[in-house]
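If you're matching them up, the sequences are chains X and P in order. Per our numbering, the first sequence starts with residue 1, numbered consecutively. Per our numbering, the second sequence starts with residue 607, numbered consecutively.
To be clear, the hints were calculated from the coordinates, so they are not data collected in a lab. Positions of the beta carbon are idealized from the N, C-alpha and C atoms, including for glycine. Don't take each hint at face value.
To be verified - If you want a taste of the chain X side facing chain P, the calculated C-beta under 10 Å gives, among others:
| no. | residue |
| --- | --- |
| 1 | 239 |
| 2 | 271 |
| 3 | 275 |
As the list claims (entries may be wrong) - To give an idea of the chain X side of the interface with chain P (calculated C-beta under 8 Å), a few residues:
| no. | residue |
| --- | --- |
| 4 | 135 |
| 5 | 231 |
| 6 | 236 |
| 7 | 278 |
| 8 | 281 |
| 9 | 282 |
| 10 | 284 |
| 11 | 461 |
| 12 | 602 |
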Amino acid sequence: MYGYRGKILRVDLSTGVTSELKLDLEMARKYIGGMGLGCRLLFDLIDESTDPLGPENPLLFLTGPFCGTMVPTGSKATVCAKSPQTGRWGYSTFGGHLGADIKFAGYDGIMFVGKAEKPVYLLVKDDNVEIRDASQLWGKDTEQTWEILKKETGFKKAGVARIGLAGENLVKYASILIDHFRAAGRTGMGAVMGSKNLKALVVHGSDRNVPVGEPDKIRKKSAELTADKTEDATFRMYSELGTAGYVDMASMMYGSLPAGYYGVSDFDSYNLSGTTVKETILVGKTACFRCPIGCGRVIQIDKGKYATGRFAGPELEVTGTMGTLILNNDAEALSFANKQLDLFGIDTISGGNTIALAYYLISEGKITKKDLDGINPKWGEVDSAVKLIEKIANREGIGNLMAEGSLAFAEKFGVGELAVQVNGLETPMHDPRGFSGMAIAYATSPRGACHMTCDMYNYQMGVTDEGLGVESVDRFDNEAVLAAKVQDFRCVTNSALTCHFYPIKADELAEMMRLVTGWDFTLEELVKAGERIFTLQRLMNLKLGYDNRNEGLPKLLLKPLDGPSERHVPDVEAQLDTWYKYRKWSRKTGKPSKSKIAALGLSDLS
Amino acid sequence: MNEDRLLFLSEDWLKRYMDLLNSNPQYEEAAKGWEGDFIFQVDSDGKTVTEPIRAYADLWHGKCRAVHPAAPGENAQYTYSGTLKNWKKLLNRDIGPIKGLLSRKFRIKGSMMMVMRYIGAAQELVATATRVPTRFPDE
């Protein structure tokens, strides 16, 4: 057995009993690891009646076959469960080194079931597993928690996942902070952790020798790949400027960085971009385990109203939600808001969107400051956002409603159609008016509006993949077939768990799978595995009550804007027609055809 | 018609390009803070282009101060290079300068930070090049 440890640690928080689940290697080959394997494992354990915040909802941290090996960026990990935010399949991918520590401790993953009677954290030191009291940590922010855990366990370099107040208070889009403020942000996995009274997990693994099929060849291939990728423009941009290095391009060339709650096309984001951050407040960078890019930013602001001290700097998504989306162009204020979101453990995309919606509704006269407990947000200022962040994390006053997400917030005031979300998940910072492929990506994503399940913006900017037959012609075209291929490929990268910012091609990934696992894993098998995992997620969502009539874009994303998006509005219905036809799924019911299900080896699940 | 067209990256082509660039207000505005010289390079394809064809351009605060065919070994702060086939796509506007980079049809040496900051200027550099009546080496 190569690439896997062959076992998953199972922790029953209700009884305090820990055990080991044997990994089914045939299943691992079909679903690879991470998201794919997680979805398959949870398929048997959850259904429509499962309360996402009840003890019956399992929470699963999973690695992939590359984790802990030499494979560049291959040591990310996934956390998954039924989502309290969407009511559907939920997962979030994260970096840092927690994944590698899980693997070094001898496990492929950790599954939590049940609910602890009082706050606890899990300490794993190789095969020593301990559920410890976390009363002293409850109420602490994610930075305090991390510091206390390092002291209390004596493991200064252990992998640490923890929640903040938002997770404790079951904010539907609570995040989990990992190591040096990498985040598992999407679909509310932090709330699931909070619902189990699980404040943190600390994993220290010492067996760094993960068995692989061809160690020498992996070392050689990894070096060759990275030498090649270092020439890649996106690699260099993310390495030099962080993900916010993309701000200039997104706003000036494509009009894909939304501003003014999706209604402004000429906002000057110069002061927010990764280039400005580098010129002003950047003091360092961080990298996840085995990552040659190092997109993580470290900033330092010591003086003034928005002093953060030394902390993780803003990446692209929060630069949008707490920057352009509220028309704020002050990088220090943005960094401060980002820190608050991280300390409380709130997804910067969903949390930022929900707050930006408050700005918009008040500017449109749909609500008043009385509705916001006296807070009166004005475009461009961040102080109101910071106050709302605190209210949301504590579920205090209006924060209790906003903690349910932007749709619930807008619906309360009779304007649900103004919430920019799909299937309950708020939209990331890649406007489909700038890249038409993001329309079908958001409409059909297995977890709601999501850019990590289909980054068509990358492909419509010029990234190609010959092995997949993916080459965009025009960013405004109906390229739904390409989007489907990218969705399938991202199923593979989200399961093998390589980083999207590492521009690995499908044939290179297949070769790495061969070298690591020792299986005869071809490009054809990779493509089929991707489609299988995408289809599996649809079957899972249908089991959980998914309704494909909700596939579409919110009203505000269908309004043309001047500027670089050239008043383009994607034709979502046409894209859906193309997409369903290509996938051979029913456009009417959203169900994959029986023949497709059989061909993918999923008949036992339908 | 070939007589009216100037050989790509030749001395005459470069002079016309410099004149057009210096009379382009959009470029001047987009590149007003830019400081850095460029080598534009057509890579060898082993067929039509056996040795790289290279040109030097000194770009400074929205103006082009000098151009000349680059001597072997001559370098600049930035090098933008691609094959003849891809330069033709660029000048025909089938691809843009950034799409060219992301699809790896072109490579750039030099700070990505400055390239990202001056994306508008990069677009104007290409837009201006398309206005030069151009004959390529394979024509």
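Structure-based check of each hint:
1. 239: Constraint on residue 239 of chain X satisfied, holds at 8 Å.
2. 271: Not OK, violated: residue 271 of chain X not within 10 Å of chain P, min 12 Å.
3. 275: Where the cut-off is 10 Å and the nearest Cβ of chain P is about 5 Å from residue 275 of chain X, the hint holds.
4. 135: violated, 47 Å
5. 231: holds, 6 Å
6. 236: holds, 5 Å
7. 278: Status holds, d = 6 Å.
8. 281: violated, 15 Å
9. 282: violated, 11 Å
10. 284: Violated: closest Cβ of chain P sits about 16 Å from residue 284 of chain X, beyond 8 Å.
11. 461: The hint holds - residue 461 of chain X has a Cβ within 8 Å of chain P, the shortest such distance being about 5 Å.
12. 602: This interface hint is violated because 34 Å lies over the 8 Å limit.
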